[in-house]
Every structure is written in C-alpha cells, then in structure tokens.
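Asks: Please construct the entire structure, taking both the sequences and the accompanying hints into account.
Quick note, the sequences are listed as chains C and P, same order.
When we follow our numbering, the leftmost residue of the first sequence carries the number 1, and every step to the right adds one.
When we follow our numbering, the leftmost residue of the second sequence carries the number 1001, and every step to the right adds one.
There could be a bad hint or two in this list.
As the list claims (entries may be wrong) - Simulated restraints, written as ranges between beta carbons of each label pair: (1) C:Ile68 x P:Glu1052: 17 to 23 Å; (2) C:Ile68 x P:His1085: 29 to 35 Å; (3) C:Ser70 x P:His1085: 41 to 47 Å; (4) C:Lys71 x P:Ser1099: 29 to 35 Å; (5) C:Glu15 x P:Gln1042: 27 to 33 Å; (6) P:His1085 x C:Leu56: 46 to 52 Å; (7) P:Ser1005 x C:Ser84: 19 to 25 Å.
As the list claims (entries may be wrong) - Restricting the straight-line Cα-Cα distance to at most 30 Å, the calculated cross-link-like pairs of lysine-lysine (DSBU-like) are: (8) P:Lys1064 x P:Lys1014; (9) P:Lys1041 x C:Lys71; (10) P:Lys1064 x C:Lys102; (11) P:Lys1066 x C:Lys102; (12) P:Lys1055 x C:Lys69; (13) C:Lys49 x C:Lys69; (14) C:Lys102 x C:Lys49; (15) P:Lys1066 x P:Lys1014; (16) C:Lys49 x C:Lys71; (17) C:Lys102 x C:Lys58; (18) P:Lys1041 x C:Lys49; (19) P:Lys1020 x C:Lys58; (20) P:Lys1014 x C:Lys58; (21) C:Lys71 x C:Lys58; (22) C:Lys61 x P:Lys1020; (23) P:Lys1020 x P:Lys1064; (24) P:Lys1014 x C:Lys71; (25) C:Lys102 x C:Lys61; (26) C:Lys102 x P:Lys1020; (27) C:Lys58 x C:Lys69.
Said to hold, decoys possible - One side only, chain P facing chain C, incomplete, derived with CB under 8 Å: (28) Val1062; (29) Asp1065; (30) Leu1068; (31) Ser1098; (32) Ser1099; (33) Phe1104; (34) Gly1105.
In case anyone wonders, no lab produced these hints; they're calculated from the structure.
Note that the structure is predicted; figures quoted are calculated from it, not measured.
Cβ coordinates follow ideal geometry from the N, Cα and C atoms, glycine included.
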Amino acid sequence: AQSVSQHNHHVILSEAASLELGCNYSYGGTVNLFWYVQYPGQHLQLLLKYFSGDPLVKGIKGFEAEFIKSKFSFNLRKPSVQWSDTAEYFCAVNADEDGNEKLTFGTGTRLTIIP
Amino acid sequence: GAVVSQHPSRVICKSGTSVKIECRSLDFQATTMFWYRQFPKQSLMLMATSNEGSKATYEQGVEKDKFLINHASLTLSTLTVTSAHPEDSSFYICSARSSGELFFGEGSRLTVL
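Replies: Set out below in structure tokens:
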C-alpha cells in the first residue's frame, strides 16, 4: 500500500517569500500525484496534478510542483506567496494498479502567511 | 467546477444515538462517491466507496455496521454513524468525481458527547 509524507506540519512565511512544501510517497510503481488546498472554511480544491509527461506541473494561482521519480517526491512551490495563500495544503497519491480511484493523503501542511 | 455539498456541517449528539450525514452532487451525477474521515492533525483516511444502486465498498478496518452508507440516487449518498460514541467524533468529508476531477464537500464535524 502507498503512503504519503508531508514533513512540514506548519510553515509560517512573510508575504513575497518563496515557498516549497515537501511531499514524499512510498510506492514502487506508476503513480498519479496531486496537491489539494483547503482555504479556511472552504472545500478541498485541486491545485495541480501529475499523471505523466513533463514532471514540472503548473497549477492554479501561481503554484507548481515537480515530480522527481528518483526521490519519490512531488514538492509544491511558489516563487512569491501572498497573504491569501494562507491555507492547509494536502499532497495525495493514487497508485492503485487496478485503476481504483482511491487517493492516499498526506497529513497536510498548514501555511500561514504574515502580511 | 462541480459542487459537492454536505449537510450538516456540524452536529453534536449524545453517545448511543445515530447521526446521518448527507453528501450531494449539486450540478452533476455521481455513480461513485467517497467518504473520508479526518482526525485532528492527521490525514484524510478513506473509509468507503459509495456506489449508486449497490453496496458500498469499505476499507479495511472500517466497521460497515457502524458506518452505514446508502447511495440511493445519482446525486445523494448518506453516511449514518450508528450508536455513536465519543471516539467517533471526527471530521467526515465526502467527494465525487466529475470530468475526471475529484470534488470535495465542505466536511461535517461530528462531536459525540
């Protein structure tokens, strides 16, 4: 079974700082990778996803993530954060070879941006 | 994007009672919905896959008699926590797929006293 690790539980940054949130997964086969964001009081929303092709994936709101297969990583990045990026961020993996739609989530990283 | 709505968003109940949480896909039909549970500072854990017109598929370790799932229509799945106990207190989230993307409800926080 796959697992997902997000090592940063809470990250605090000032506006305009650069962001990188770590995500590592454990699974030896083909994976689909996702980053979701949950703004305070709102639903989980998809930020970006990787299925195949270019390992550098661009998502909404200036976010991007890079799939590094050799490191089993899919870190989320943003060059300059804004106060409105304050939210909880979840990395998720789908690696069920039966084609099941199940997602395995990381524990999440709370991001707080200080104005 | 598509909208998934849950009701109620918060519920407090006494130990031993049953609580029903609804998950609706508002602008699309969902033959499959997923129910997750989230403990504080932990991952979303998939509890079960709800299938319209058939029995739900439960993940290992999830008591199917405790967490009853009914998916009677293409837009509604319900999760009933039967004989709730304080350890069932948690955040329950549903999701459904539309055009290849998973959309999540806003979650339902259950507190069992």
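Asks: Within 30 Å, alpha carbon to alpha carbon, are C:Lys49 and C:Lys69?
Replies: Holds, at roughly 15 Å.
Asks: CA of C:Lys58 to CA of C:Lys69, is that 30 Å or under?
Replies: 17 Å, holds
Asks: Do the alpha carbons of P:Lys1020 and P:Lys1064 lie within 30 Å of each other, as the hint requires?
Replies: 14 Å, holds
Asks: Given the hinted pair P:Lys1055 and C:Lys69, is their Cα-Cα distance within 30 Å?
Replies: Roughly 37 Å between the alpha carbons, so the hint for P:Lys1055 and C:Lys69 is violated.
Asks: Does P:Lys1020 lie within 30 Å of C:Lys102 when you go C-alpha to C-alpha?
Replies: 23 Å, holds
Asks: Is the hinted pair P:Lys1020 and C:Lys58 satisfied, with a Cα-Cα distance of at most 30 Å?
Replies: 39 Å, violated
Asks: Taking the closest Cβ pair, is P:Val1062 under 8 Å from chain C?
Replies: 13 Å, violated
Asks: A closest beta-carbon separation below 8 Å is what the hint needs, so does P:Ser1098 meet it against chain C?
Replies: Status violated, d = 11 Å.
Asks: Is C:Lys102 within 30 Å of C:Lys49, Cα to Cα?
Replies: 15 Å, holds
Asks: Under 8 Å is the threshold here; is the Cβ of P:Phe1104 close enough to any Cβ of chain C for the hint to stand?
Replies: It holds, given that the least Cβ distance between P:Phe1104 and chain C is near 4 Å, below 8 Å.
Asks: Mind checking the CB of P:Asp1065 against every CB in chain C and telling me if the closest is under 8 Å?
Replies: Nearest chain C Cβ about 22 Å off; hint violated.
Asks: Starting from C:Lys102, check that the Cα of C:Lys61 is at most 30 Å away, please.
Replies: Holds, at about 26 Å.
Hint check: violations occur at hints 1, 2, 12, 19, 20, 22, 24, 28, 29, 30, 31, 32; the rest are consistent with the structure.
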